[in-house]
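Enquirer: Given chain A, work out where chain B should sit, using these hints.
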Amino acid sequence: MSAYKDKDARINGIKDQIRVVPNFPKPGIMFQDITTLLLKPKEFKDTIDMFVERYKGKNISVVAGIEARGFIFGPPIALAIGAKFVPLRKPKKLPGKVISEEYILEYGRDCLEMHVGAVESAERALVVDDLIATGGTLCAAINLLERVGAEVVECACVIELPDLKGRERLNGKPLYVLVESH
Amino acid sequence: MFAAENGLRGDPRLQGISKAIRVVPDFPIPGIMFQDITTLLLDHKAFKDTVDIFVDRYRDMGISVVAANVNVGIEARGFVFGPSIALAIGAKFVPLRKPNKLPGEVISEAYVLEYGTDRLEMHVGAIEPGERALVIDDLVATGGTLSAAVRLLERMGAEVVECACVVGLPEGQRRLDGKPLYILVEPRLSVNY
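Line by line, the protein sequences give chains A and B. Under the numbering used here, the first residue of the first sequence carries the number 1, and numbering increases by one thereafter. Under the numbering used here, the first residue of the second sequence carries the number 1001, and numbering increases by one thereafter.
Please keep in mind that the hints were generated in silico from the structure rather than gathered at the bench. Mixed in with the good hints there might be a few duds.
[Said to hold, decoys possible] Below, simulated BS3-like cross-link-like pairs (lysine-lysine); rule was C-alpha separation at most 25 Å, straight line:
no., chain 1, residue 1, chain 2, residue 2
1, A, K93, B, K1101
2, A, K45, B, K1048
3, A, K93, B, K1179
4, A, K92, A, K56
5, A, K173, A, K42
6, A, K7, A, K173
7, B, K1179, A, K45
8, A, K173, A, K90
9, B, K1048, A, K26
10, A, K97, A, K26
11, B, K1179, A, K92
12, B, K1098, A, K40
13, A, K90, B, K1179
14, B, K1048, A, K42
15, B, K1019, A, K93
16, A, K92, B, K1098
17, B, K1048, A, K40
18, B, K1098, A, K90
19, B, K1179, A, K97
20, A, K58, B, K1048
21, B, K1045, B, K1019
22, B, K1019, A, K45
23, A, K42, A, K26
24, B, K1098, A, K26
25, B, K1019, A, K97
26, A, K165, A, K7
27, A, K40, A, K58
28, A, K56, A, K26
29, B, K1101, A, K45
30, A, K42, A, K7
31, B, K1098, B, K1179
32, B, K1045, A, K58
33, B, K1048, A, K56
34, B, K1101, A, K15
35, A, K58, A, K7
36, A, K40, B, K1019
37, A, K42, A, K97
Okay, chain A solo, but in the shape it has when bound (with noise of 0.2 Å):
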């Protein structure tokens, strides 16, 4: 599901206030940055509030947000609708007992931790990131969830490239974007 589709008056002023970066972080990709989005506090808003309005009254209790960019968008969403946020890390960072899900990479492997006992059995989840590419991280971040048996409701993106297919790569679990970008 993408917000685009529904013609909400505040999906164009969200998506003028992201910048296109070319060759970063390698010449050929074209770095969709949100930074520019954090700018203005209005357009901002919007974008939380187009995912609280979504997601309000769900009985959602679980926000899980994927290092870095996530840890911006999921705790304002979780603070609105009530749920914990629980930040997804890379390898070392969380300071308790964790459990890891390795993914792969274009070249090499990579790992995605939460914090054991963070999140309960039978838990509703939501899954944030600022960009789903190939569906990799966010794959491994349904993972963890389900192995401690979240249920994972969807997966909540800013920004989605649809070329590289990775709506294909969730289990199954729908995907809700803001923007797309090709």
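Expert: Same frame as chain A, but now just chain B:
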């Protein structure tokens, strides 16, 4: 200054916030009693109270920029609090990051680690001269990363109104390079989870 000495004496929210912080001994190295704020984030009321206390303090100070360190150093998690505060007071949120994370043109500032140095970066053009800024972090220990954040903002012409942290050492700095430092709670000294 501590919140309890500055208008919030006896405020029950402070106790709830303190209790929600987990102490993890010997992380990242032996001898450190790590103040883990992730447990605070699991407690919706305590997390909301934390943000509300900062918002109440800063709402009417004409602040247009909230800056926070994004994963700089082992202790810097100000970005979990910063955006929510920025949204509530109608300010911009500016992330300050380790080198090579921000995609646009940046300015950078060195800060000292126990062994060696690292750098903190901010996007050029994120703030304009004369803007009033708040720097937020979860914990202040030596103040090294906070000081670097202040220098970055001042180099771009901002006026840093205050630095704010959830946790800070009682015998530590009350001011950071001449800037007021506002702290909610002291570190917990013993294991509580």
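Enquirer: Does each hint hold? Answer for all of them.
Expert: These are the hints, each one checked on the structure:
For the given pair, K93(A) sits about 17 Å from K1101(B) by alpha-carbon distance, which is consistent with the 25 Å threshold. Restraint check: the Cα-Cα separation between K45(A) and K1048(B) comes to about 17 Å, which is no more than 25 Å; the hinted pair holds. For the suggested pair K93(A) and K1179(B), the alpha carbons sit about 29 Å apart, so the restraint of at most 25 Å is broken. Simply put, K92(A) and K56(A) have alpha-carbon atoms about 33 Å apart, too far for the 25 Å limit, and the pair is violated.
As the CA atoms of K173(A) and K42(A) are separated by approximately 30 Å, the hinted pair breaks the 25 Å bound. Taking the CA atoms of K7(A) and K173(A), the gap is near 23 Å; set against the 25 Å cutoff, the hint holds. Restraint check for K1179(B) and K45(A): not satisfied, since their Cα atoms lie roughly 29 Å apart, outside the 25 Å limit. Between K173(A) and K90(A), the direct Cα distance comes to roughly 23 Å. Compliance with the 25 Å bound is thereby established for this hinted pair.
For the suggested pair K1048(B) and K26(A), the alpha carbons sit about 39 Å apart, so the restraint of at most 25 Å is broken. Distance restraint check for K97(A) and K26(A): the Cα-Cα separation of roughly 35 Å exceeds the 25 Å cut-off, and the hinted pair is therefore not satisfied. Between K1179(B) and K92(A) the alpha-carbon distance is near 33 Å, which puts this suggested pair outside the 25 Å criterion. For the proposed pair K1098(B) and K40(A), the alpha carbon gap of about 23 Å is at most 25 Å, so the pair holds.
About 33 Å separates the Cα atoms of K90(A) and K1179(B), which puts this hinted pair outside 25 Å; it is violated. Distance restraint check for K1048(B) and K42(A): the Cα-Cα separation of roughly 21 Å lies within the 25 Å cut-off, and the hinted pair is therefore satisfied. With a C-alpha separation of about 22 Å, the suggested pair K1019(B) and K93(A) falls inside the 25 Å cut-off, and the hint holds. For a cut-off of 25 Å, the pair hint linking K92(A) to K1098(B) stands: about 17 Å separates their Cα positions.
For the hint pairing K1048(B) with K40(A), the CA-to-CA distance comes to about 23 Å; that is within 25 Å, so the pair holds. Between the alpha carbons of K1098(B) and K90(A) the distance comes to roughly 15 Å, so the proposed pair stays at or under 25 Å and holds. With a CA separation close to 37 Å, the supplied pair K1179(B) and K97(A) exceeds the 25 Å bound. For the hint linking K58(A) to K1048(B), the alpha-carbon distance of about 19 Å falls within 25 Å, and the restraint holds.
With a CA separation close to 12 Å, the supplied pair K1045(B) and K1019(B) stays within the 25 Å bound. Annotation: proposed proximity of K1019(B) to K45(A) is violated, straight-line Cα distance about 31 Å (limit 25 Å). Proposed proximity of K42(A) and K26(A) is contradicted: the alpha carbons are some 31 Å apart, above 25 Å. Between K1098(B) and K26(A) the alpha-carbon distance is near 17 Å, which keeps this suggested pair within the 25 Å criterion.
Pair hint K1019(B) plus K97(A) holds up; C-alpha atoms about 19 Å apart against a cutoff of 25 Å. Taken as a hint, the K165(A) and K7(A) pair is honoured in the structure, with Cα atoms around 22 Å apart against an allowance of 25 Å. With a C-alpha separation of about 28 Å, the suggested pair K40(A) and K58(A) falls outside the 25 Å cut-off, and the hint is violated. Taken as a hint, the K56(A) and K26(A) pair is broken in the structure, with Cα atoms around 38 Å apart against an allowance of 25 Å.
The suggested pairing of K1101(B) with K45(A) holds, with an alpha-carbon distance near 24 Å, which does not exceed 25 Å. Our distance criterion of 25 Å between C-alpha atoms is met by K42(A) and K7(A), whose separation comes to about 18 Å. With a C-alpha separation of about 23 Å, the suggested pairing of K1098(B) with K1179(B) holds against the 25 Å cut-off. Under the criterion of a C-alpha separation no larger than 25 Å, the hint pairing K1045(B) with K58(A) is consistent with the structure, at around 19 Å.
The straight-line distance between the Cα atoms of K1048(B) and K56(A) is roughly 16 Å, inside the 25 Å bound, and the hint therefore holds. Between K1101(B) and K15(A) the CA atoms are separated by roughly 21 Å; this keeps the pair inside 25 Å, and the hint holds. For the given pair, K58(A) sits about 23 Å from K7(A) by alpha-carbon distance, which is consistent with the 25 Å threshold. For the given pair, K40(A) sits about 35 Å from K1019(B) by alpha-carbon distance, which is inconsistent with the 25 Å threshold.
Under the criterion of a C-alpha separation no larger than 25 Å, the hint pairing K42(A) with K97(A) is inconsistent with the structure, at around 39 Å.
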